[in-house]
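S.K.: Listed below are the residues making up each chain.
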Amino acid sequence: MVIFGVLRSGLYALTSVGLALSVGVIGVVNFAHGEFLMLGAYLGYWLFVSYGIDPLLAIPIGAAALFAIGGAVFRAGIQRVLRAPELNQMLLTFGISIFLQNLAIILWTGDPRTAAVSYKATAVPLGPLVVGLPQLVVFGLAMAFVLGLYLVLGRSRLGKAMRAVAQNRVGASLIGIEVDRIYLLTFGLACALAGVAGMMVTLQLSTSPFIGLLYTLKAFAIIVMAGLGNINGVIYASLVLGLSEAFVEFYVPQGGGWSEGVFFLLILVVLLVRPKGLFRS
Amino acid sequence: MRRAGAGVTLAVLVAAAVALPFWAGRAQPYYLQLALNILIFAVLALSWDLLARTGQLSLAHAAFFGLGAYASALLVTLAHVPIALGIAAGGLVAVIAATGLGLLTLRLRGIYFAIATLAFSETLRVIAKQMRFTGGSSGLIAPPLLGGSLPAQYLFILAILVAAVAVSWGINRSRWYFAFTAIRTNEEVAGAMGVDVVRFKVLAFAISAAFAGLAGGFYAHVFLFINPFEAFSIATSVGALVAPIFGGLYSTVGPLIGAAVLRVGEEILRTKFRSGYLIIYGLILAIVILYLPRGLVGLWASMRRRGRAS
Chain A
1 MVIFGVLRSG
11 LYALTSVGLA
21 LSVGVIGVVN
31 FAHGEFLMLG
41 AYLGYWLFVS
51 YGIDPLLAIP
61 IGAAALFAIG
71 GAVFRAGIQR
81 VLRAPELNQM
91 LLTFGISIFL
101 QNLAIILWTG
111 DPRTAAVSYK
121 ATAVPLGPLV
131 VGLPQLVVFG
141 LAMAFVLGLY
151 LVLGRSRLGK
161 AMRAVAQNRV
171 GASLIGIEVD
181 RIYLLTFGLA
191 CALAGVAGMM
201 VTLQLSTSPF
211 IGLLYTLKAF
221 AIIVMAGLGN
231 INGVIYASLV
241 LGLSEAFVEF
251 YVPQGGGWSE
261 GVFFLLILVV
271 LLVRPKGLFR
281 S
Chain B
282 MRRAGAGVTL
292 AVLVAAAVAL
302 PFWAGRAQPY
312 YLQLALNILI
322 FAVLALSWDL
332 LARTGQLSLA
342 HAAFFGLGAY
352 ASALLVTLAH
362 VPIALGIAAG
372 GLVAVIAATG
382 LGLLTLRLRG
392 IYFAIATLAF
402 SETLRVIAKQ
412 MRFTGGSSGL
422 IAPPLLGGSL
432 PAQYLFILAI
442 LVAAVAVSWG
452 INRSRWYFAF
462 TAIRTNEEVA
472 GAMGVDVVRF
482 KVLAFAISAA
492 FAGLAGGFYA
502 HVFLFINPFE
512 AFSIATSVGA
522 LVAPIFGGLY
532 STVGPLIGAA
542 VLRVGEEILR
552 TKFRSGYLII
562 YGLILAIVIL
572 YLPRGLVGLW
582 ASMRRRGRAS
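Protein sequence lines, in the order shown, are assigned to chains A and B. Numbering-wise, the working numbering puts 199 at position 199 of the first sequence, and it's gapless, one number per residue. Numbering-wise, the working numbering puts 492 at position 211 of the second sequence, and it's gapless, one number per residue.
No lab work stands behind these hints, which were simulated from the structure alone. For glycine and all other residues, C-beta sits at the position ideal for the given N, C-alpha and C. Check the hints yourself; a few may be wrong.
Pair ranges (Cβ atoms, derived) [to be verified]: (1) 210(A) x 547(B): 17 to 23 Å; (2) 107(A) x 440(B): 38 to 44 Å; (3) 546(B) x 232(A): 41 to 47 Å; (4) 147(A) x 444(B): 56 to 62 Å; (5) 46(A) x 291(B): 53 to 59 Å; (6) 53(A) x 546(B): 36 to 42 Å; (7) 253(A) x 466(B): 31 to 37 Å; (8) 469(B) x 274(A): 17 to 23 Å; (9) 158(A) x 475(B): 27 to 33 Å; (10) 311(B) x 232(A): 53 to 59 Å; (11) 214(A) x 298(B): 56 to 62 Å; (12) 473(B) x 232(A): 33 to 39 Å; (13) 253(A) x 361(B): 30 to 36 Å; (14) 106(A) x 427(B): 34 to 40 Å.
Could you build the full structure based on these sequences and the hints that come with them?
M.R.: Right, here's the structure in full:
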């Protein structure tokens with residue numbers, strides 16, 4: 001049970017780290033985050049079905065495509081409301097989310113799609129346990145991406161610029177950082193991460209236009225637990241969510257259905273008890 | 282003069298609304314059904330706006346709608362309560378839930394509040410889906426209101442809407458209006474000025490939920506069937522929020538106009554696309570936020586001003 005919980009938390013971490021990035025650096029809570037994941041998942045699906053490209057190999061394509069889409073969405077809409085009240089930002093991203101979801105329904109119908117990758121059902125022994133190969137690969141890759149992001153944020157010039165902007169927009173622009181460019185890059189990066197996570201969803205599960213909202217909400221649960229904008233807390237918070245879902249699935253009768261409610265309950269409880277998050281930044 | 286004009290317009294509108302079933306009831310049941318849908322939607326939109334006036338942007342209107350629907354359907358089928366009473370009880374259950382939620386979320390602002398209400402609504406959906414007495418994912422069957430007579434049902438929801446309009450009008454004309462606006466603009470300052478912030482926020486929540494719950498109970502006994510996905514649908518919460526934003530926030534007329542225009546537009550789109558017609562909500566939300574911050578009512582006002590100036 002623990003291992004299942006841990007494995008699924010990898011994907012959660014990858015999904016939420018992008019959202020945490022856009023909240024932390026730009027200060028925009030993006031309700032459409034999961035829809036970018038959904039677009040990535042469909043891209044992975046179509047590349048596999050039409051051209052036989054394995055979703056794993058398609059990750060760079062997906063990242064680039066979602067970076068471009070995210071950048072375009074930012075330029076066309078979100079940039080205009082950066083200085084508007086927080087609620088306008090929320091409603092705008094909510095609108096984008098509804099738009100993208102229904103666009104997907106119109107384009108690709110609401111039926112779930114599964115990419116039949118040859119090793120989808122392959123299982124590998126892991127110590128005394130047997131786990132699915134895709135799950136293991138996804139976990140490894142997701143963690144690699146998340147840790148890679150930490151490295152970028154911690155070490156590179158871009159990462160330092162992002163952190164500077166996150167701390168103080170005015171101060172950052174005074175020392176010569178082009179704040180608007182950093183915002184654009186950050187939002188694109190957040191969407192690219194969501195897109196990569198989407199391709200992994202294709203690899204491991206199936207995709208439908210409706211998965212976006214689910215992942216947005218789970219990512220919310222995680223970043224709320226981590227404390228809004230706290231990127232370091234995301235991994236721990238993902239573990240909390242993954243483990244508690246697995247726990248409910250295993251120990252509660254009809255747990256499969258109840259586990260859908262776990263993250264909502266976590267959001268509610270954390271917001272009401274510790275609105276600043278569980279983990280120190 | 283303008284006052285009298287507005288009064289006449291209002292009287293004509295109400296008379297037309299009351300007369301509609303007698304004209305359309307036999308010949309055009311489709312239009313009567315559409316009108317009834319618009320009225321349900323208008324009640325929800327107005328109810329959402331009432332809460333938004335205190336600065337609380339809820340994503341939980343589906344929760345109150347669903348609670349009303351389930352409470353009424355269960356009371357009528359299990360306890361054999363008269364249907365009208367069941368619907369009223371549905372409103373009451375929603376009020377109780379809203380008071381609890383309102384007290385819990387008092388400290389939460391903006392985005393935190395929105396996320397918490399969304400979480401509340403989705404938690405209820407999971408509960409309704411998992412519990413046996415709610416019929417699980419297959420849902421419940423509810424007996425028809427007023428013997429299933431469409432014109433009578435139409436008048437029933439019209440009465441609920443008129444009550445909602447009266448409450449909304451009354452609030453915007455009383456001292457409450459200033460209390461709500463002060464809380465929305467700046468809670469600390471409102472508190473310092475002597476506005477009882479807690480009381481007004483929870484009151485707004487309760488009143489708002491009452492109408493959402495009534496609409497939900499009504500919905501159950503008109504469409505005769507509810508399940509967790511329909512009753513607690515996020516589309517309900519989205520619709521309840523887009524209509525007032527589109528029509529014009531914090532007013533009585535705005536949500537009504539928004540609801541009517543959106544539902545008719547949705548109906549037209551529905552004939553073109555089998556699904557995915559909700560795309561219009563997303564588009565409208567984005568466009569209104571970017572270009573029309575005061576909604577249709579604001580657009581109308583500024584057009585009139587321009588017309589008079591030229």
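S.K.: Now tell me if each hint is right for this structure.
M.R.: Hints, verified against the model:
1. 210(A) x 547(B): 17 to 23 Å: 19 Å, holds
2. 107(A) x 440(B): 38 to 44 Å: For residue 440(B) against residue 107(A), whose Cβ atoms are near 43 Å apart, the range 38 to 44 Å holds.
3. 546(B) x 232(A): 41 to 47 Å: This hint holds: roughly 46 Å between Cβ atoms.
4. 147(A) x 444(B): 56 to 62 Å: Holds: the Cβ-Cβ distance is about 58 Å, inside 56 to 62 Å.
5. 46(A) x 291(B): 53 to 59 Å: For residue 46(A) and residue 291(B) the Cβ distance comes to about 54 Å; the hint holds.
6. 53(A) x 546(B): 36 to 42 Å: 40 Å, holds
7. 253(A) x 466(B): 31 to 37 Å: Given about 49 Å between the Cβ atoms, the range is violated.
8. 469(B) x 274(A): 17 to 23 Å: Holds - the Cβ-Cβ distance for residue 469(B) and residue 274(A), about 22 Å, lies within 17 to 23 Å.
9. 158(A) x 475(B): 27 to 33 Å: 51 Å, violated
10. 311(B) x 232(A): 53 to 59 Å: Roughly 58 Å apart at Cβ, these two residues keep to the hinted range, so it holds.
11. 214(A) x 298(B): 56 to 62 Å: 40 Å, violated
12. 473(B) x 232(A): 33 to 39 Å: Distance hint for residue 473(B), residue 232(A) holds at roughly 37 Å.
13. 253(A) x 361(B): 30 to 36 Å: Since residue 253(A) and residue 361(B) have Cβ atoms about 31 Å apart, the given range 30 to 36 Å holds.
14. 106(A) x 427(B): 34 to 40 Å: 38 Å, holds
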